[in-house]
Amino acid sequence: MFLTLLAISGLVSVIAAASRDKLGKAVFYIAATPLAAAAVVSASWLPDNLPSSQSVSWVDNAGLIFNFAPGSFQAVVSFLVAAIGALIMVYAAGYFGNDREGTGRFAAVLSLFAASMLGLVWAGNIWTLFIFWELTSITSFLLIGHKSTKPSALQSARRALVITAGGGLCLLGGLLILAEGNASTAFTSLSAPTGATGTAAVVLIITAIATKSAQFPFHIWLPGAMDAPTPVSAYLHSATMVKAGIILLALLTPTFASSETWSTAAIAIGVITMLWGAIGALRQFDAKLILAWGTVSQLGLIVTLLGLGEPKAVFAGVSLFVAHAIFKAALFMVVGEIDIRTKTRDIRELSGLAKSMPVAFFVALVSGLSMAGIPPLLGFAAKEAAVEAVLKLEGLTLWTTGAAIIFGSVLTVAYTTRLLIGVFGSSEGRSIEVAKVRLEMTAPAAVLGTASFLGYVFIDQINTLVIEASGEINSQAELYVLYRWPGITDAFLISVAVVLAGTIVGALVSRSKVSEARALGAELVDKAVDGTIRFAGKFTRVVQHGSLPIYVVVMSLVAAASTIPFWFSLEIDGLYRYDNNAQVVLAIFIGLAALVVAFTKSRLGAVLALGFVGLGMAGLFINHGAADLALTQLLVETIIVVGFVLGFSHLSSSFPPVGRIWQEIRIVVSVLVATGVGVGLVAVSSSDVNSKPVDDFFSQSVTTGGGNNVVNVILTDMRALDTLGEVVVLAVVVVGIVALSKAVKEHKTVGVER
Amino acid sequence: MITFQTVANPDAFEVPIVEWGALSPLLIMALAPILLVTVSSVVPSFKKASLPTVYTAGAALLSAAVTATLWSDNRLLMDGALTIDRFTLVGWLIIAVGVAAIAMLLDNYIVKQGYFEQIIEWNVLLMISAAGGMIVVAAQDLIVLFVGIEVLSIATYVLVGLHLRKPIAQEAAFKYFILGAVSSGVFAYGIALVYGATGSTYLSEIATSGRNSLGLNPVVDSSLMLVGIALMLGGFAFKVGAAPFHSWTPDVYQGAPTPITAYMASAVKVAAALGFARVMHDAFGEFSVDWQPLVSVLAVLSLVAGSFIGLAQKNLKRILAYSSINHVGFILIAIYALDEGVEALLFYSASYAFTVIGSFGILMMMTQTEPVLAESDDEKMVMIGANKIRNLESADGMTLDDLAGASKRHPLLAGLFAVLLFSQAGVPFTVGFWAKLQAILAAVSVEAYLLAGFAILAAVVAAVLYLRIVVAMYLKSDDSEPARTNYSKLSLIAVVACVLLTVGLGIYPEPLSDLVTNAGS
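Residue numbers (the working numbering), protein chains in the order written: chain A, 1 to 754; chain B, 1 to 521.
No lab work stands behind these hints: they were computed from the structure. All clues given are correct.
Cut-off 25 Å, straight-line C-alpha distance, at most; resulting in silico cross-link-like pairs (SDA-like, lysine to any residue):
hint	chain 1	residue 1	chain 2	residue 2
1	A	Lys436	A	Pro229
2	B	Lys408	A	Ala17
3	A	Lys527	B	Lys476
4	A	Lys25	B	Gly405
5	B	Lys47	A	Leu730
6	A	Lys392	A	Gln476
7	B	Lys47	A	Ala731
8	B	Lys48	A	Ile737
9	B	Lys476	A	Ala17
10	A	Lys601	A	Pro549
11	A	Lys601	A	Val645
12	B	Lys408	A	Glu101
13	A	Lys25	B	Pro411
14	A	Lys22	A	Glu101
15	A	Lys742	B	Ile34
16	B	Lys314	B	Lys476
17	A	Lys742	B	Val39
18	A	Lys601	A	Ser670
19	A	Lys742	B	Phe177
20	A	Lys22	B	Pro482
21	A	Lys742	A	Ala731
22	A	Lys22	B	Lys476
23	B	Lys408	B	Lys476
24	A	Lys742	B	Pro167
25	A	Lys343	B	Lys476
26	B	Lys408	A	Leu23
Turn these sequences into a full structure, and let the hints steer you where they fit.
Right, here's the structure in full:
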């Protein structure tokens with residue numbers, strides 16, 4: 001069933017891509033279908049009718065098994081991802097309207113993303129999750145960069161990719177450690193590694209979570225991601241993808257339940273993110289950016305609650321997870337609609353929309369109040385659970401983490417107020433021009449807005465879901481409940497105070513001149529990436545200069561250098577020197593000829609001297625009694641000299657002058673290479689082993705080869721395959737010459753001026 | 001020295017058994033070009049339309065099919081010079097199928113670039129070179145291996161230079177030839193030293209005359225052996241294009257005719273890598289403590305050079321050249337892991353080969369429809385030289401900027417290209433993901449954690465390299481209209497086949513995974 005759903009989504013994606021914008025916005029309805037189906041299927045799993053797991057053995061020898069086994073928590077998330085996804089598709093149809101450009105590609109990537117996200121949610125083991133995790137990063141990158149008319153979009157997309165892909169690599173590292181210590185990689189049977197590797201695993205995985213879920217200091221990619229079309233912001237960057245980190249956090253919480261590092265790291269990151277994000281939201285003027293920073297803050301809160309690991313906190317975290325997905329997607333949809341209909345999202349320009357866009361206003365109001373935690377909305381019940389959880393804390397944690405959560409809530413109310421007043425309030429009686437309503441944009445937002453309210457009405461049902469879901473993360477979390485109306489409790493009084501304080505702060509800063517936040521971290525990342533590319537460019541210019549002599553020098557140097565360690569291990573006393581005086585004379589002759597080759601200025605002189613080197617070699621062969629070998633050598637030398645002379649007829653008669661440094665480099669390299677080769681040769685000729693195989697050739701020449709001339713037998717029989725190969729090499733050369741000469745002929749007829 | 005004897009009993013002379021069956025894939029690849037030369041010179045009408053291409057692709061596929069029939073064979077051939085085992089057969093399969101694909105790409109290229117006169121020679125050289133590669137993969141003897149490498153390389157040098165109207169092709173061929181000759185020299189010298197230390201050129205005999213059973217002078221002989229190994233390692237590193245022996249790769253890959261670049265990046269590289277692994281594994285296994293550090297240095301340098309340094313490139317062929325260096329890093333990791341890495345090595349090589357052939361193939365088709373805007377003097381000269389053929393392929397090739405709007409000009413090609421680039425980046429559900437994962441797991445299984453870490457890091461940076469191309473094609477806006485598409489059908493088929501394999505094996509890698517299982521010798 002899981003695979004079927006994913007395959008259908010993949011297929012729809014291919015269809016959308018292949019349609020190449022021809023279908024216009026209709027493509028989004030096609031894309032919505034599999035998601036709607038997935039939503040229905042997911043709904044059938046709730047609250048405790050979980051599907052049996054599905055395993056597909058994938059790469060046997062690597063032990064990779066594709067496993068889908070959603071638990072209660074994942075079932076809830078799955079429903080949210082699928083249902084919101086289907087709504088987003090409808091919304092996207094409205095967003096693009098009659099503009100067909102890019103619809104096919106957008107729908108294709110978006111449904112690919114949705115499928116990846118569903119795969120991630122359903123994953124039953126760490127590798128399945130990892131695979132889909134990476135896919136969501138890539139698709140997110142492509143979606144952020146979609147709006148190609150905007151120059152900053154590509155920059156933002158790149159930044160998001162660098163950060164989330166970097167997180168992906170941390171995750172891979174962490175998961176590799178986890179997999180090493182566990183026989184099964186299923187989430188239900190993992191046990192945490194201990195000691196230093198355990199800490200390493202925790203650090204790597206928490207880092208991965210922080211990058212994906214936009215936690216401080218990795219949150220910087222999320223505001224930039226707002227360059228994406230709004231359907232993407234509403235879906236990926238509020239409701240789903242940024243939750244992937246939190247999903248992983250939840251799934252691994254039982255595994256790392258006893259790890260101090262795990263919870264401390266999560267809480268620290270979460271608290272900082274929550275406060276920093278909320279402050280960021282107060283400093284923005286772009287409504288979409290306010291929401292983005294708000295998302296950062298809310299994600300921080302959820303991470304903090306899950307990191308606390310206390311039953312009540314986990315319960316509150318899961319409640320907020322659900323509530324946030326619903327209200328944040330709705331808010332983004334509204335802002336997107338405003339953007340399309342008024343051509344701006346700047347709260348300094350927007351005015352009087354409460355009257356001109358009543359439905360949008362209503363949806364935003366409901367969702368915003370849910371975000372602020374005001375009854376009668378789902379957000380209220382969730383926020384109450386969080387405050388209750390804070391009150392359960394003790395000692396230092398209460399006064400640090402607890403206080404921070406309360407303070408964060410004040411700020412949440414504040415930026416919500418600022419957003420609502422900024423967008424919908426009327427300033428100086430101004431009212432802005434509004435294009436006509438787009439039903440496909442309004443309707444999905446209205447559905448989600450209503451959901452925030454219905455969630456409150458059917459709080460008991462929601463409660464069952466949350467109890468089941470959080471029970472999976474911490475089995476004692478089942479003991480708690482979401483209240484529709486808690487009565488006048490301590491928590492409620494605190495909430496009232498929070499709302500009052502937040503409203504005042506929000507109203508104060510709603511139109512006042514706060515300085516717009518500078519994305520310092522984002523600039524740093526961009527600089528780092530640009531710097532790397534620039535450095536690579538400089539480095540390339542030095543290393544990859546395209547000069548053949550330098551390449552040759554480098555290669556020879558490396559090869560010669562590899563022999564240096566052995567220069568000194570030779571036992572001088574036992575070395576072979578020479579057999580007779582003729583050899584000495586010949587050796588000196590060869591050496592002198594080689595020196596002439598190296599130092600002469602005349603090309604012809606160098607070739608001739610090289611010929612003398614060959615001649616000396618032939619002399620050595622004769623000295624050993626190998627007349628036929630010497631003959632061959634002479635023949636080859638002659639041909640080579642003739643070839644060189646012919647080739648040089650196209651070149652000047654002397655070598656071009658060389659610079660002094662270059663000359664010295666060449667001398668050093670030559671000496672090194674000569675020494676290296678020499679040491680090797682001396683060592684070989686002093687070794688005793690090398691005489692054995694030749695004996696074999698002698699003794700077998702007649703019996704196996706049927707010939708008395710050993711060299712001939714070697715060439716035609718014992719090593720006939722090598723000879724055949726050499727013949728083939730000759731054939732290649734002939735064919736090459738033919739082909740090149742033909743090409744030269746044709747070349748001339750076309751008439752290139754030389 | 002030579003003493004003359006009479007043959008004692010000529011009747012008793014035993015005709016050695018040649019196992020024609022097992023040799024046939026190699027023989028087909030080696031004899032088909034000779035037949036092609038003969039037939040085409042006798043029957044001139046054979047040089048018509050795509051006939052030589054179909055012939056070459058057919059011969060290569062026949063060779064591949066025969067290879068497949070030998071699947072369960074495991075024996076030595078030709079008096080122990082060659083070995084037939086799963087490792088060899090997988091290598092042969094990669095090379096043979098690769099040659100078929102390259103021939104189909106050449107079909108488009110030769111006509112478009114105005115070299116139809118030489119279509120026979122291009123194909124002949126391609127097949128001969130591939131036969132050399134097949135020898136390299138199967139060689140159990142260092143001299144046979146050397147001959148194989150020479151056959152493989154010399155034909156390639158010529159192929160690189162065959163595009164005479166393209167100045168940088170000439171430069172590339174010359175550079176490749178000179179550097180190749182130097183590296184062959186280094187390699188041959190390494191063989192000589194190993195022979196000096198052990199008295200044998202057979203891999204199995206070198207292995208048994210291991211560390212403690214070396215000659216009378218263990219200090220000298222052991223050093224000889226080590227220097228020999230180091231030099232051979234350098235030679236192999238050059239052939240596979242591993243850093244720091246990689247400097248020729250970008251220049252030559254850019255200059256060479258694109259289908260030949262595809263050939264060098266796929267079949268040539270895979271042949272060299274498998275030969276490399278075979279020698280290190282079969283002959284020098286006992287010395288692994290000595291050479292493994294060197295291989296890991298090569299791997300790390302290749303990973304870094306292929307990813308970070310590649311970021312600076314603008315020319316697409318150079319980007320892909322750096323990417324191939326990066327891939328070599330992963331292949332070297334698999335070689336490093338010895339037994340644990342054999343399957344990863346074969347899996348990586350196979351998946352890499354068709355991904356890279358497809359990539360260069362698409363690049364070729366795109367480049368050939370891009371007009372040259374004569375700006376520099378060099379380009380003008382090219383335009384005068386080939387006034388019929390004004391496209392970027394005959395100049396310096398496409399850059400990232402030229403790609404803007406490619407998704408509109410070539411919707412199909414851009415889509416296929418994106419898939420292959422995702423695979424090279426190691427995106428899940430493409431075969432590249434499994435390849436990278438297996439290489440990393442191989443490193444982990446031999447506890448080379450640092451190497452695995454580098455691999456992961458390089459994979460991420462390289463992903464940026466590939467995604468930049470996708471971005472250039474899709475996200476950089478341009479008001480282009482669909483280009484006139486008249487690619488050769490055969491080339492398109494080859495490219496589409498590569499993409500289908502990439503995705504198909506990405507979703508279900510089991511077949512390829514089964515293929516390479518139990519390949520460890």
